[in-house]
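Taken in sequence, the protein lines are chains A and B.
With the first letter of the first sequence counted as 1, position 233 gets the number 232 in numbering that gives the first Met the number 0; the numbers rise by one all the way through.
With the first letter of the second sequence counted as 1, position 66 gets the number 65 in numbering that gives the first Met the number 0; the numbers rise by one all the way through.
Hints should not be assumed to be uniformly reliable.
[Said to hold, decoys possible] Below, simulated DSS-like cross-link-like pairs (lysine-lysine); rule was C-alpha separation at most 27 Å, straight line: (1) A:K12 - A:K142; (2) A:K146 - A:K105; (3) A:K9 - A:K45; (4) B:K59 - A:K212; (5) A:K212 - B:K6; (6) A:K38 - A:K21.
Because the hints were derived from the structure by calculation, they are not lab data.
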Amino acid sequence: MKSVVLQHLKDNKSLYIEEWRKSLEQHEFTKQGSTFSSKDMQQEMKDEFISVVFQSIELSSEENRDAVHRFANRLIYNGWAFSEFIRSLQALRRVVLHNVSANFTKEEFVDVSVEFEDWLDEQITRLAEEFSKIQNEVMTMQKTAMKELSAPLIPVFDKISVMPIVGTIDTKRAAQIMENLLEGIIEHRAQVVLIDITGVPVVDTMVAHHIIKASEAVRLVGAECLLVGIRPEIAQTIVNLGIDLDAFTTKSTLKKGIEAALELTNRTIETSEQMQSNGGLKR
Amino acid sequence: MRIPILKLGRYLLISVQVELDDQTALQFQEDLLNKIHQEGSLGVVIDLTSVDMIDSFIAKVIGDVVEMSNLMGAKVVLTGIQPAVAITLIDMGVSLQEVQTALDLEQGLERLQQELGG
Chain A
0 MKSVVLQHLK
10 DNKSLYIEEW
20 RKSLEQHEFT
30 KQGSTFSSKD
40 MQQEMKDEFI
50 SVVFQSIELS
60 SEENRDAVHR
70 FANRLIYNGW
80 AFSEFIRSLQ
90 ALRRVVLHNV
100 SANFTKEEFV
110 DVSVEFEDWL
120 DEQITRLAEE
130 FSKIQNEVMT
140 MQKTAMKELS
150 APLIPVFDKI
160 SVMPIVGTID
170 TKRAAQIMEN
180 LLEGIIEHRA
190 QVVLIDITGV
200 PVVDTMVAHH
210 IIKASEAVRL
220 VGAECLLVGI
230 RPEIAQTIVN
240 LGIDLDAFTT
250 KSTLKKGIEA
260 ALELTNRTIE
270 TSEQMQSNGG
280 LKR
Chain B
0 MRIPILKLGR
10 YLLISVQVEL
20 DDQTALQFQE
30 DLLNKIHQEG
40 SLGVVIDLTS
50 VDMIDSFIAK
60 VIGDVVEMSN
70 LMGAKVVLTG
80 IQPAVAITLI
90 DMGVSLQEVQ
100 TALDLEQGLE
110 RLQQELGG
């Protein structure tokens, strides 16, 4: 073993595990975003954490890294709050230093505690490193997922497609929207696209600029763009900001937009009574 | 390099299959106007499906051609502009505001027919 303190920890492993577990008892491990965490789950998590930490004394640094990585993985996917684990390592520090001061002489104590602090810092750093690494991975995955979800073009009728936009529009997303819009038009052979901004919380000059750009590009590839889902407050902002949407056909709801789009492609929706009074099917 | 201009009834069809350079574009402008004059065409469809890139000069020439043709009484429809081309044009600030567009040749012809009243 590398040092006195680790040897000491190893020799008195069961004692420390016992003491540490006791000190953790007042400790609540919480889960992010959920209030539910049963006592059993908490205990299981604590035990696993304890074993991971004590294993690290015996394992090579490579193996230890793997173990910590696996542990951090479970932490994140199960949504445990990370700060609790740091705090419980600090609890270990108190427990160990308390015992060490009883077992070593004053002269030894300084060296031993320095060694121990080094070791503990290493553990904390490693846990934090692995944790943030995995969190970054999760974030990258979520970003990809967001991108996939960000701007679907849905064909609703022959020659008519709808693009519902939910959430704020930034430059990056605007480019994505534009790309999906144009590719989709070609793919579905759409003549009219409805851009539904019901889910866009704020329309400022920049967002409007992006939408205008998109609609001009849509016109260039040979389709027409209708802007639907304009809420009263959006209408107010647009006028107050002096944004010129004259080139646009705008409708308040998707429903009205679809009616207008059908009209543009020479179709209407009729009830069956209307159809009968018109003398059956027109086609 | 000359771009072939095909006559189809009262219309002219142009499918641009080559990289448009400045010289070709200007030559095309001249050829098309002469052809409109010669045939007395009412409509023109310019299909850009196989054009991957348009620079600002070419965009200007295309805008000019459309305006000139309109002056000579021929309606022009641009068809098959690729998404990438559309994005480039918009980014350059060229929106070809006055130009009619359609998704493909078929819809372009339909459009002309509508505009000219069958």
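Given the hint that K9 of chain A pairs with K45 of chain A, test it: the Cα-Cα distance must not exceed 27 Å.
Since the Cα atoms of K9 of chain A and K45 of chain A sit roughly 19 Å apart, the hinted pair holds (cutoff 27 Å).
Going straight from one Cα to the other, do K12 of chain A and K142 of chain A come out at no more than 27 Å?
Distance ~43 Å between K12 of chain A and K142 of chain A Cα, so the pair is violated.
Quick one, are K38 of chain A and K21 of chain A close enough, alpha carbons at most 27 Å?
holds, 14 Å
Pair hint outcome, K212 of chain A versus K6 of chain B [Cα-Cα no greater than 27 Å]:
Violated: K212 of chain A and K6 of chain B sit about 35 Å apart, past 27 Å.
Does K105 of chain A lie within 27 Å of K146 of chain A when you go C-alpha to C-alpha?
Status violated; Cα separation ~60 Å.
Pair hint outcome, K59 of chain B versus K212 of chain A [Cα-Cα no greater than 27 Å]
holds, 18 Å
Taken one by one, the earlier hints fail for this structure at numbers 1, 2, 5, listed in ascending order.
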